[in-house]
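> The sequence shown begins at 2 in this note's numbering and counts up one residue at a time.
For the record, the hints were derived by calculation from the structure and aren't laboratory data. Predicted, not measured: the structure shown is a model, and the values here were computed from it. Treat each hint with caution, since some may be false.
[Stated by the list, open to error] Taking CB as the label site, the calculated pair distances span:
hint, residue 1, residue 2, range
1, A253, A50, 36 to 46 Å
2, A495, R387, 21 to 31 Å
3, R354, A50, 36 to 46 Å
4, A146, R14, 42 to 52 Å
5, R230, E43, 51 to 61 Å
6, E258, T390, 28 to 38 Å
7, N52, K118, 17 to 27 Å
8, Y351, K118, 30 to 40 Å
9, E43, R255, 34 to 44 Å
10, A481, Q48, 51 to 61 Å
11, E43, V153, 20 to 30 Å
12, Y351, K511, 49 to 59 Å
13, G44, V506, 28 to 38 Å
Every residue gets a Cβ at the ideal spot worked out from N, C-alpha and C, and that includes glycine.
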Amino acid sequence: MSEPVRKDDAAARTAVRVVFVALLVDLLAFTMPLPLFPRIIEGFVAQEAKNSFTSPTLLSRTLDTVRSIRAYLFSFSSLRTVTDSRWDLTLLGGLLASLFSTCQFLISPRLGRLSDKYGRRPVLLATMIGNLLSALLWLFADNFALYAASRVVGGLAEGNVQLSIAIITDVTSPEARARSLALVGAAFSLAFTLGPSLGAFFSQRTFGQGSVIDVPAALVPVLRSETIRLNSYAVPAAITVGLLAFETVYLALRLPETRGWLTGSSGAAAEKVMNGDQTTTSERPRRSVSERRARLRRLERLHLAFLFFFSGAEFTLTFLTHNLFNWSNAQNGRLLGFIGILSALLQGGYVRRKSKNASPAKTGKMALSGIRACLLSLVCLAILPRVSTTGKAAPALLWTAAAGLAFVSATVVNSLNALASLETDEPTRSLSRTDGRDESSDAKIDKGAALGSFRSRGQLGRAVGPLVTTAIYWTVSPSAAYLVCALGTVGVAAAMARTVKEDAVAERKKSE
């Protein structure tokens, strides 16, 4: 087998910068439609009500399914059945969000394995083509079926985040891993600061008259129409297409291949161990391959459970403000922008300082602090529907919850990603702790596949969480939905605390 190529630190830093810029652009394109989501769904439902179709449409069949689910859920409730159409809109939104995440759950492990086989760069560029197609479908989606198709294509093509994490894992040492991966969180934070606000701003602009544009005369025979009807939010969609096109060209020109890339201390550590020197520069206790795989499975379960409860609350937040305060796209954009700004500040300062040369126990403590902040936010959201929306208490609860969610966004998933990535880059030679057997033949843990599986479990949580939370939101009450999420988060915090304690004990033993 050929030796991995080692690159210098300057080249590694350049690769990380390219990934950060590309991911920021990608996430701007992803976050622009977030505050528009309730209105997009509302618009398709209103369009369906105005038009009479001779045969059932995808939307009519989906709404029939939603109403059947509502009737079934209320059969277990002692409360009066809610006939408010907002229930249907929220659950329909939950189904679309679940569809997107389910596609990611299915595709993430496959993208990881492909990147291990063919390289990170070609797979990432292939996913960009899918992202562009998804944005184009949204641009021309004048009906629900086409919009749903854009969500499916987007979910199946969304490999940017996991491949960015794999690339950073390729080029960074274990000691610098959490600090470098904080840039992924920073990209999320900046995108959530700018994207929703830009989406809300451009949602007030249209192409042509009512999003109908004239077709050039030369194309009329081909398209068999003199006009083309665009999505009602065609301007944000067109900007999304432009951003993704720029990102694709940027990656094609600037991104190097990083598979098999060793840097600095990680390469030196591997070389020492292969030469029989068991000294490493990391504070991490040495684990066998079987132990590392077991730990990855535990981290996957934590990731799934956390995102199950967090994503349910996150998804319903704009619906909650729409229902309680009748907030517009712009107001929801400002709320998400606040979360993004605060999260970006935390990422750039607090998180990066704390992540410098952080051991697994310290990284785990960072995740645990974020999970506890999530619990505080969920409690605030559970109380919010019970107080008067005209007093001072409601805004205080909402913005306290938003601040907590910003801290969560800055800490938890980034820390879990760092912990998972550390289990993929131990030196090749590995001795079993039980019998001293050399596990070299079974020692390789492919980074792409392992990180793809890790992200896949998180996306499963994101697929199911919004559906369950939405069902409780309308079947019982918004307060009950957030309370259930809070109780579940208590269990996640307890599991994370046990992991941190085990890491701290192992690190103390190693230092003795």
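> For each hint, tell me whether it holds in the structure or not.
So, going through the hints one by one against the coordinates:
no. : hint                    : in the structure
1   : A253 x A50: 36 to 46 Å  : holds (45 Å)
2   : A495 x R387: 21 to 31 Å : holds (27 Å)
3   : R354 x A50: 36 to 46 Å  : violated (54 Å)
4   : A146 x R14: 42 to 52 Å  : holds (46 Å)
5   : R230 x E43: 51 to 61 Å  : violated (18 Å)
6   : E258 x T390: 28 to 38 Å : violated (54 Å)
7   : N52 x K118: 17 to 27 Å  : violated (48 Å)
8   : Y351 x K118: 30 to 40 Å : holds (38 Å)
9   : E43 x R255: 34 to 44 Å  : holds (40 Å)
10  : A481 x Q48: 51 to 61 Å  : violated (32 Å)
11  : E43 x V153: 20 to 30 Å  : holds (21 Å)
12  : Y351 x K511: 49 to 59 Å : violated (27 Å)
13  : G44 x V506: 28 to 38 Å  : violated (56 Å)
Of the hints listed earlier, those the structure fails to meet are numbers 3, 5, 6, 7, 10, 12, 13, in rising order.
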